[in-house]
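Asker: Sequence:
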Amino acid sequence: MAITKVIIPIAGHGTRMFPASKVMPKALFPILDPKDKLCKPILLIIIEHAVEALLAEQPEIGWDDIQVCIVMQENQRSIIEEFFNAPCAFSMEGKAKEIQDSMRMIEKISKTLTFIVQEEQLGFGHALLCCADKFIKENEAFIVLLGDHIYTSRTQSGKSCLQYAVRAFNKFNKAIVTLDTISEKHTYANGVLKIGQVLEKESEVVYTSILTTIEKPNKIQCENHNLYITEEELQMLEVERTCKNENDVVCYFGIDILTYEVFTHLRENWKCGKLHNGELNLREAMCPTIERGDMVGVFVRDASRHDTGLPFEYWQSLQDFYNNIKNK
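Our numbering puts the first residue of the sequence shown at 1, with every later residue one more than the last.
Please keep in mind that the hints were generated in silico from the structure rather than gathered at the bench. A hint or two may mislead.
[Stated by the list, open to error] SDA-like mimics (lysine to any residue), calculated; alpha carbons at most 25 Å apart, straight line:
hint	residue 1	residue 2
1	Lys174	Ser203
2	Lys111	Ser157
3	Lys185	Lys326
4	Lys95	Ile80
5	Lys171	Glu233
6	Lys171	Lys40
7	Lys201	Gly254
8	Lys171	Leu38
9	Lys40	Met24
10	Lys326	Glu98
11	Lys111	Ile80
12	Lys159	Ile109
13	Lys244	Glu231
14	Lys219	Gly254
15	Lys95	Glu48
16	Lys40	Met17
17	Lys108	Leu38
18	Lys35	Ser157
19	Lys174	Asn190
[What the hints assert, rightly or not] Label pairs and their in silico Cβ distance ranges:
hint	residue 1	residue 2	range
20	Cys88	Asn324	23 to 29 Å
21	Lys22	Asn245	37 to 43 Å
22	Gln100	Val198	34 to 40 Å
From a predicted model like this one, the values you see are computed outputs, not experimental measurements. Ideal Cβ placement from N, Cα and C applies to all residues, glycine included.
Kindly produce the complete structure, drawing on both the sequences and the hints.
Answerer: Following this line, the structure appears as structure tokens:
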């Protein structure tokens with residue numbers, strides 16, 4: 001069955017981007033798109049990339065099949081609906097082709113959108129749980145994307161990380177997580193995984209089994225669960241250590257393809273009060289799927305993630321995208 005649904009939670013308060021986030025949701029902050037050199041809201045670029053990947057890897061589907069769900073706060077709804085649905089304030093006649101094409105893209109995307117309000121901000125897992133049955137039905141797989149991350153790749157094939165994730169799901173028919181490597185000093189902010197054997201290897205991507213995952217582990221947990229990357233695993237992924245004098249770990253890259261099963265485990269954790277700092281954790285709900293061997297890791301070489309949810313990282317992403325255009 002083809003993947004046609006995408007969930008993008010954006011309901012956070014955006015406190016780390018205050019006071020700019022007081023004016024608009026950080027998902028609507030502007031960034032320069034290297035593809036057409038237009039200044040676009042971050043959310044628009046994320047959706048464009050998702051649609052492009054779904055259509056490119058699944059020729060059997062079309063625009064009419066794609067559905068995108070944005071999980072938001074009630075007070076974010078009007079400005080986001082206005083962006084996607086309100087007519088342009090000026091005439092398109094005589095405007096540059098890129099501007100006209102972008103307006104047509106916005107109009108097409110608007111027809112794919114569903115809005116779900118997360119009444120309380122109780123974590124990423126809770127945001128997904130709001131979509132159970134309302135948007136995702138049993139036996140459906142769906143893509144989960146972060147509302148403040150943009151992904152780029154420099155693969156020779158031109159394929160994006162999301163394209164490879166979609167390809168992996170259709171190849172293995174299992175839940176998919178994309179992978180990255182980071183220094184151990186960054187584990188405090190990341191979910192960490194232990195990879196198993198290589199399932200398949202291509203010139204630009206490695207597909208692996210997943211053995212275990214721990215959310216934001218400390219050094220003792222990394223040592224006890226053998227989370228540090230071995231030399232053999234580095235060779236398997238064909239990457240170098242980020243720092244010669246530090247251990248590296250495998251972490252989540254931020255693009256997931258999940259099945260309805262994750263809602264079952266999210267509900268169980270919710271009923272049991274299994275929260276962390278008052279939030280329902282998605283990664284913990286994925287553990288039963290990993291333990292059963294029904295999750296595949298996708299590591300794409302020459303792929304990058306651009307965080308826009310923190311002030312310095314947002315500035316760095318602006319610089320990266322500008323340099324991408326400048327160096328073409």
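Asker: Taking the hints in turn, state whether each one holds.
Answerer: Hints, one by one, checked against the model:
Taking the CA atoms of Lys174 and Ser203, the gap is about 22 Å. The hint holds against a cut of 25 Å. Taking the CA atoms of Lys111 and Ser157, the gap is about 30 Å. The hint is violated against a cut of 25 Å. With a C-alpha separation of about 32 Å, the suggested pair Lys185 and Lys326 falls outside the 25 Å cut-off, and the hint is violated. Restraint check: the Cα-Cα separation between Lys95 and Ile80 comes to about 24 Å, which is no more than 25 Å; the hinted pair holds.
Distance hint between Lys171 and Glu233 is fulfilled; the C-alpha atoms sit about 23 Å from each other, no more than 25 Å. Our distance criterion of 25 Å between C-alpha atoms is broken by Lys171 and Lys40, whose separation comes to about 33 Å. Using a Cα cut-off of 25 Å, the hinted pair Lys201 and Gly254 holds, with the two alpha carbons roughly 21 Å apart. Under the criterion of a C-alpha separation no larger than 25 Å, the hint pairing Lys171 with Leu38 is inconsistent with the structure, at around 35 Å.
At roughly 14 Å between alpha-carbon atoms, Lys40 and Met24 fall within 25 Å of each other, so this suggested pair holds. Using a Cα cut-off of 25 Å, the hinted pair Lys326 and Glu98 holds, with the two alpha carbons roughly 18 Å apart. The suggested pairing of Lys111 with Ile80 holds, with an alpha-carbon distance near 14 Å, which does not exceed 25 Å. With a C-alpha separation of about 21 Å, the suggested pair Lys159 and Ile109 falls inside the 25 Å cut-off, and the hint holds.
Simply put, Lys244 and Glu231 have alpha-carbon atoms about 12 Å apart, close enough for the 25 Å limit, and the pair holds. Simply put, Lys219 and Gly254 have alpha-carbon atoms about 22 Å apart, close enough for the 25 Å limit, and the pair holds. For the hint pairing Lys95 with Glu48, the CA-to-CA distance comes to about 21 Å; that is within 25 Å, so the pair holds. Between Lys40 and Met17 the alpha-carbon distance is near 18 Å, which keeps this suggested pair within the 25 Å criterion.
As the CA atoms of Lys108 and Leu38 are separated by approximately 18 Å, the hinted pair is consistent with the 25 Å bound. This hinted pair checks out: Lys35 and Ser157 have alpha carbons roughly 16 Å apart, not beyond 25 Å. For the suggested pair Lys174 and Asn190, the alpha carbons sit about 23 Å apart, so the restraint of at most 25 Å is met. Taking the beta carbon of each, Cys88 and Asn324 are about 27 Å apart, inside 23 to 29 Å as hinted.
Checked against the hint of 37 to 43 Å, the pair Lys22 and Asn245 passes, with Cβ atoms roughly 42 Å apart. In this structure the supplied range 34 to 40 Å is violated for Gln100 paired with Val198, their Cβ-Cβ distance being about 46 Å.
The structure shown violates the earlier hints numbered 2, 3, 6, 8 and 22.
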